[in-house]
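**Q** Hey, can you work out the whole structure from these sequences and the hints?
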Amino acid sequence: MLRLENIVAGYGRTRILHGVSLTVPTGGLVALLGGNGTGKSTTLKATVGLVDVQEGTVELNGEVINDVPAERRSALGLSMVPQGKEVFAAMSVEENLLMGAYHRRSDRAGIAHDLEAVYIRFKRLRERRKVNAGMLSGGERQMLSIGRSLMARPSVLLLDEPSAALAPRIVEEIAEAILGLRDLGLTLLLVEQNVGMALDIADHIYVIRGGRIAYEREVGDGVAMEELQEFYLGGSEH
Amino acid sequence: MDLFLQYVANGVVTGSTYVLVAVGLTLIFGILGVVNFAHGEFYMIGGYVGILAITVLKLPVFAAIAVVLLAAAVIGLLAEAILHKPLKSHDATNSIISSFGLAVALQNAALVVMGPQPQRLNLDVSKIPILASIPTDFGPVFLPQQRTLIPLTMVILIGVLYVILKYTWTGRSLRAMAQHPTVARLCGVRIQSVAVVTFMVGAGLAGIAGMLMSSIFFVYPVVGNMIALKAFTVVILGGMGNVAGAAVAGLLLGITESLTSAYLANGMRDIVGFVIVILMLLFRPQGLFGKVAERS
Chain A
1 MLRLENIVAG YGRTRILHGV SLTVPTGGLV ALLGGNGTGK STTLKATVGL VDVQEGTVEL
61 NGEVINDVPA ERRSALGLSM VPQGKEVFAA MSVEENLLMG AYHRRSDRAG IAHDLEAVYI
121 RFKRLRERRK VNAGMLSGGE RQMLSIGRSL MARPSVLLLD EPSAALAPRI VEEIAEAILG
181 LRDLGLTLLL VEQNVGMALD IADHIYVIRG GRIAYEREVG DGVAMEELQE FYLGGSEH
Chain B
1 MDLFLQYVAN GVVTGSTYVL VAVGLTLIFG ILGVVNFAHG EFYMIGGYVG ILAITVLKLP
61 VFAAIAVVLL AAAVIGLLAE AILHKPLKSH DATNSIISSF GLAVALQNAA LVVMGPQPQR
121 LNLDVSKIPI LASIPTDFGP VFLPQQRTLI PLTMVILIGV LYVILKYTWT GRSLRAMAQH
181 PTVARLCGVR IQSVAVVTFM VGAGLAGIAG MLMSSIFFVY PVVGNMIALK AFTVVILGGM
241 GNVAGAAVAG LLLGITESLT SAYLANGMRD IVGFVIVILM LLFRPQGLFG KVAERS
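Chains as they are written, first to last, in the working numbering: chain A, 1 to 238; chain B, 1 to 296.
Heads up, a few of these hints could be off.
[What the hints assert, rightly or not] Some chain B residues close to chain A (C-beta under 10 Å, calculated; not the full set): (1) R172; (2) R175; (3) T182.
Simulated from the structure, these hints should not be mistaken for lab results.
Yeah, the Cβ is synthetic: ideal placement off N, Cα and C, and Gly gets one too.
**A** The structure is reproduced here in C-alpha cells:
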C-alpha cells in the first residue's frame with residue numbers, strides 16, 4: 001500500500017504541492033489526473049524521493065520512508081516508470097532491463113528468471129534485445145521502461161504519463177500491459193492526462209489542481225466525463 | 001620511408017600516454033560532468049611515486065606499479081571529495097575553478113616535497129626478465145623496451161577498462177549514470193559510489209602513464225600542465241565523454257605531433273594539436289566520434 005499524507009514539496013523555494021494526500025490500496029490501480037503544471041509529476045517525484053518533501057509523510061506498506069534516499073527506494077519495492085519513455089539510449093535493451101535489477105545484482109538466478117518473464121510479457125523486447133535502446137520506437141521504449149521497473153520486483157509501481165505522445169493503437173497496447181501488471185498483484189499509481197484511458201482501467205481516481213487534490217471518486221461510482229471536464233476547465237471545487 | 005615508420009612508432013608511444021590520461025578525463029566528464037583541470041597532476045604524482053618506489057624503496061617494477069596505482073587512487077579519492085562531492089548540486093563552473101585550485105595545491109606540494117629539479121626514473125627494463133623478452137627491433141623500427149612498455153600497458157589497461165565497462169555491474173552503473181543520472185538513481189545506483197570509482201580509475205590510469213613516461217621524460221612539479229592540455233585536446237577530438245573516441249584521438253594526436261616534429265619543425269610539435277582542436281571546435285564541435293549532444 002502507498003499512502004501520501006499532506007505532502008508539501010517543490011523545487012528550491014518554489015512550492016508545487018500544497019498538502020497532497022492520497023492512498024493506493026494494495027493491489028489497487030489508482031489514477032492521478034490533472035492538466036499541465038498541476039503537480040502530477042511532482043507528486044510521483046516526491047514519492048520516489050527525487051524531490052524533497054518539506055512537510056507530510058510518504059508511507060510504503062506501513063512504513064514512513066521520507067528519509068530513505070531515492071536510490072534505496074527501489075530495494076524497498078517502490079519503482080517508477082518515468083515520464084518521456086526514459087531509457088539508457090546507448091545501452092542495449094537487455095542491459096537496460098538488467099539495470100532495473102541493479103539493487104539485487106547478486107541474485108543471478110532470480111534476474112535470469114525475471115528477464116525471461118519480461119520477454120514473455122513484451123515479446124518485441126526479446127526480438128530487439130541486442131539493439132540499442134535509442135533505436136526503439138516510442139511504444140517499445142515505453143515497454144522497455146515498464147520492463148526495467150518490473151526487473152526491480154516492485155510491490156508498488158508508479159507510472160508517469162505512459163500514454164503521452166503515443167499513437168492511439170499503441171496507447172491501447174500500453175493500457176493492456178498496465179492491466180496485466182495489476183493481474184500480477186502490483187499496486188499501481190498512474191499519472192495521466194489521457195482521461196479516457198485512465199477511466200477505462202483505474203478503479204479510483206484523484207484529480208489534482210494547483211498542487212492540491214481537488215476531486216476524488218471510485219470509478220464505479222458514476223464518474224462522468226463531463227464532471228471531470230468541468231475540473232479541467234476550471235469548474236467549482238468539491 | 002623507414003624513418004616514417006619510426007616516427008609513427010614514436011608517435012604511438014606518446015599517443016598511448018595521451019590515451020591513458022585522456023580516457024580518465026573523459027570518463028570523469030562524461031559520467032560526472034566535472035571538467036578536471038587537476039588531471040595532469042595525477043600524471044605528475046604517478047611519475048614521482050614511481051621514482052620514489054623504485055629508487056628509494058627499491059621495489060621491483062611490478063610492485064612499484066601497484067604502489068603508483070594505490071597512490072593515484074588515493075589522490076583520486078581526495079579529488080572526488082573536493083571537486084565533486086560538495087559541489088555536485090552547484091553550477092559546473094564551481095568544480096572547474098576548484099580543479100584549478102587543486103592543481104596549484106598539488107604542484108606546490110610536489111615542489112616542497114620533491115624540489116624544483118627535474119627528475120627521471122632510471123629503469124633498466126632489459127634487466128627485468130619478462131620485459132627483457134620484448135623485442136626492440138620491429139623491421140625498420142627500433143623501440144627500447146621501456147618505450148614499447150607504454151603502448152603495451154595502454155592496450156592492456158584500456159582493454160581491461162573496456163571489459164569492466166561492458167560486462168560488469170559496476171561498468172553498467174557507470175554507463176547508466178553517464179546516460180541518464182535520474183533513471184540510474186531510480187534503479188538503485190548511488191551517485192557517490194560511481195563518482196569515487198570514476199575518479200579513482202581516472203587517477204589510476206593517469207598515474208600509470210606518469211610513471212611509465214618518467215623513464216623517458218623528466219618529471220617536475222608542473223609537468224602536468226602540458227599533459228592536461230594535451231588530454232583536453234584528445235577529449236575534444238574524440239568527442240566529450242567518449243572513451244573509444246579518446247583512445248583513437250590520443251593515438252592520432254601522438255602520431256600527428258611526431259610527424260610534425262619530424263617533417264615540419266620541432267617547435268611546431270605542441271602547436272599542431274591546438275590548431276586542430278580550434279578547427280575542430282569551429283567545424284565539428286562534437287568531435288570526430290561524438291554525436292550531436294543529447295543530454296538529459
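**Q** All hints are to be evaluated individually against the structure, with a verdict given for each.
**A** Hints versus structure:
| no. | hint | verdict |
| --- | --- | --- |
| 1 | R172 | holds, 6 Å |
| 2 | R175 | holds, 6 Å |
| 3 | T182 | holds, 7 Å |
The earlier numbered hints are all upheld by this structure, with none contradicted.
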